[in-house]
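Engineer: In the order they appear, the protein sequences are chains A and B.
End of the first sequence = 176 in our numbering, gap-free, step of one.
End of the second sequence = 519 in our numbering, gap-free, step of one.
Between beta-carbon pairs, the in silico distance windows are: (1) Ile56/A <-> Val473/B: 55 to 63 Å; (2) Gly47/A <-> Gly258/B: 52 to 60 Å; (3) Gly353/B <-> Lys51/A: 16 to 24 Å; (4) Asp14/A <-> Pro350/B: 34 to 42 Å; (5) Asp14/A <-> Ser242/B: 16 to 24 Å; (6) Ser55/A <-> Leu507/B: 25 to 33 Å; (7) Asn77/A <-> Gly353/B: 43 to 51 Å; (8) Phe316/B <-> Asp14/A: 31 to 39 Å; (9) Leu470/B <-> Ile32/A: 45 to 53 Å.
Since the hints were made in silico from the structure, they are not lab data.
From the three backbone atoms N, C-alpha and C, an ideal C-beta is built for every residue, glycine too.
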Amino acid sequence: MDLIKPEIGLFVWQTVVLLILLFVLAKFAWRPILGSIRKREESINEALDSAKKARLEMENLQADNEKLLQEAREERDAILKEARQIKEKMISDASEEADNKANAIIEKAQESIRTEKKAALAEIKAQVANLSIEIAEKVVKKELDNKQKQMELVDNMLNDVKLN
Amino acid sequence: MHRIFEERKLSRANMRTTYLSFKLLVVLTLGLFVHPFTSFAQEGDSESEEAFNATDMIMHHISDAHSWHFFGSGEDAAVLPLPVILYTDDGLVSFMSSEFHHDVEAKHVVEKDGKRFVNYHEKIYQLNEGEETVEFNAEHYPANAERPLDLSITKNVAAMFLTVIVMLVFFFSLAKHHKKNEKAPRGLNNALESLVLFVRDDIAIPQIGEKKYMKFMPFLLTVFFFIWITNLLGLLPGAANVTGNISVTVSLGMFTLILIVVNGNRDYWKHIFWMPGIPTFVKPILAVVEVLGLIIKPVALMIRLFANITAGHIIILSLLGLIFILEHVGVAGISVPFAFFIMILELLVAFLQAFIFTMLSALFIGMAVQEHEHH
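Construct the complete structure from the given sequences, taking the supplied hints into account.
Structural biologist: If you want it as structure tokens, here you go:
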């Protein structure tokens with residue numbers, strides 16, 4: 013049958029046409045097209061990679077930020093705690109000192125009061141003695157302004173001695 | 145007549161350039177396929193003895209020819225004359241096919257450079273020295289004529305050129321886009337690019353492998369698009385049945401075979417001629433089987449493509465031919481929807497066959513270049 017018998021002419025034409033088409037398209041179409049597609053794919057991949065990297069960096073950055081924040085928070089807490097302690101210590105120190113000072117003042121005051129009192133008492137004693145002497149002097153003077161009385165006294169005294 | 149034909153050709157060209165919807169295209173295809181039948185029918189009326197012969201009609205449509213017949217018959221037919229190029233014993237002889245005046249019964253003798261030629265069922269015969277007319281032997285073959293080497297631009301060759309032009313226009317435009325900018329193209333170029341990527345990612349890389357596929361990409365792409373576009377153009381009304389011609393598919397299969405033979409590595413040949421790992425006495429037997437397999441692979445390729453495309457054309461023509469065999473217009477009510485359905489199926493087959501041919505070529509090449517891991 014003619015249908016399944018190859019014709020040399022058509023075979024030759026097909027071969028020649030396909031060969032020419034193959035070389036022309038390979039050189040002027042397939043190579044630039046495939047090259048450019050590959051380049052585009054590479055650039056897309058690169059873009060995706062860099063986007064991924066950027067996201068990772070962002071995540072790292074965020075983690076760092078979080079860490080920093082945490083650290084700062086902790087530091088703040090520590091500082092606050094310390095400050096509170098210092099405050100409390102200061103308050104307690106101050107009150108202690110104040111107590112001490114007050115006690116010392118009170119003691120000093122008591123001391124001076126005691127010495128003043130002693131001095132006053134001594135002075136009063138001396139004054140009283142002087143006054144007593146003056147009074148006694150005046151009384152004696154008044155009692156012994158005549159001879160009789162002086163004699164009487166002497167007698168009394170002598171009596172006392174006798175008694176002794 | 146030529147003027148009329150020119151006008152018709154122009155109007156057809158315009159039709160091609162304007163964007164036709166898919167539906168319109170199919171309807172038009174079916175409509176124009178009916179044309180030859182109407183002409184046959186008219187002929188039948190005027191010459192009652194010449195009855196409608198479905199086999200002749202179908203063979204006329206699926207076979208190659210020296211002129212491109214569109215529609216009509218006799219002197220009114222719209223025919224594109226094509227150059228006849230013959231390589232005779234005395235060198236090349238060339239003339240236009242119109243010099244045969246539509247004769248395919250070896251009645252009209254063309255005389256050129258002192259040699260006489262006739263067209264007998266689209267085969268050119270050169271009459272022996274001194275012969276004036278063709279005489280036929282008992283098997284209805286010309287007895288006093290020889291066939292010279294026929295390198296004519298036949299209908300199929302012309303259709304092939306059309307495919308080449310379409311491919312060059314399409315892919316030069318795509319290449320131009322790619323040279324200019326790096327972004328993805330739009331429209332037709334985008335569709336073409338996704339097909340190029342389809343061939344690369346779904347055919348070449350899985351079958352041949354990431355390392356070696358690039359070397360075979362030009363062949364696979366060219367063959368894929370050549371077969372597909374030719375198949376699609378073959379579905380147009382009045383078009384040639386290029387990929388359904390055994391000469392064409394033989395050539396395509398030869399390309400695959402040559403690529404396998406040239407690129408087959410040592411391992412591949414070793415597995416063909418001296419299969420390792422089997423008893424020695426089996427090795428020669430297997431070598432014969434493997435060598436046969438090497439040849440059968442591309443032969444299967446060429447037969448598959450030829451048979452599928454030709455079968456599709458025959459089915460459509462047969463369904464429509466039923467109308468004229470049964471001589472009732474009512475049959476068209478069944479035939480036309482059936483033919484329409486087959487036509488749509490053919491659109492799928494056009495792609496499928498291109499895909500299968502490329503896929504199997506890639507598979508066979510992949511087997512030949514594969515690096516075996518020795519255990």
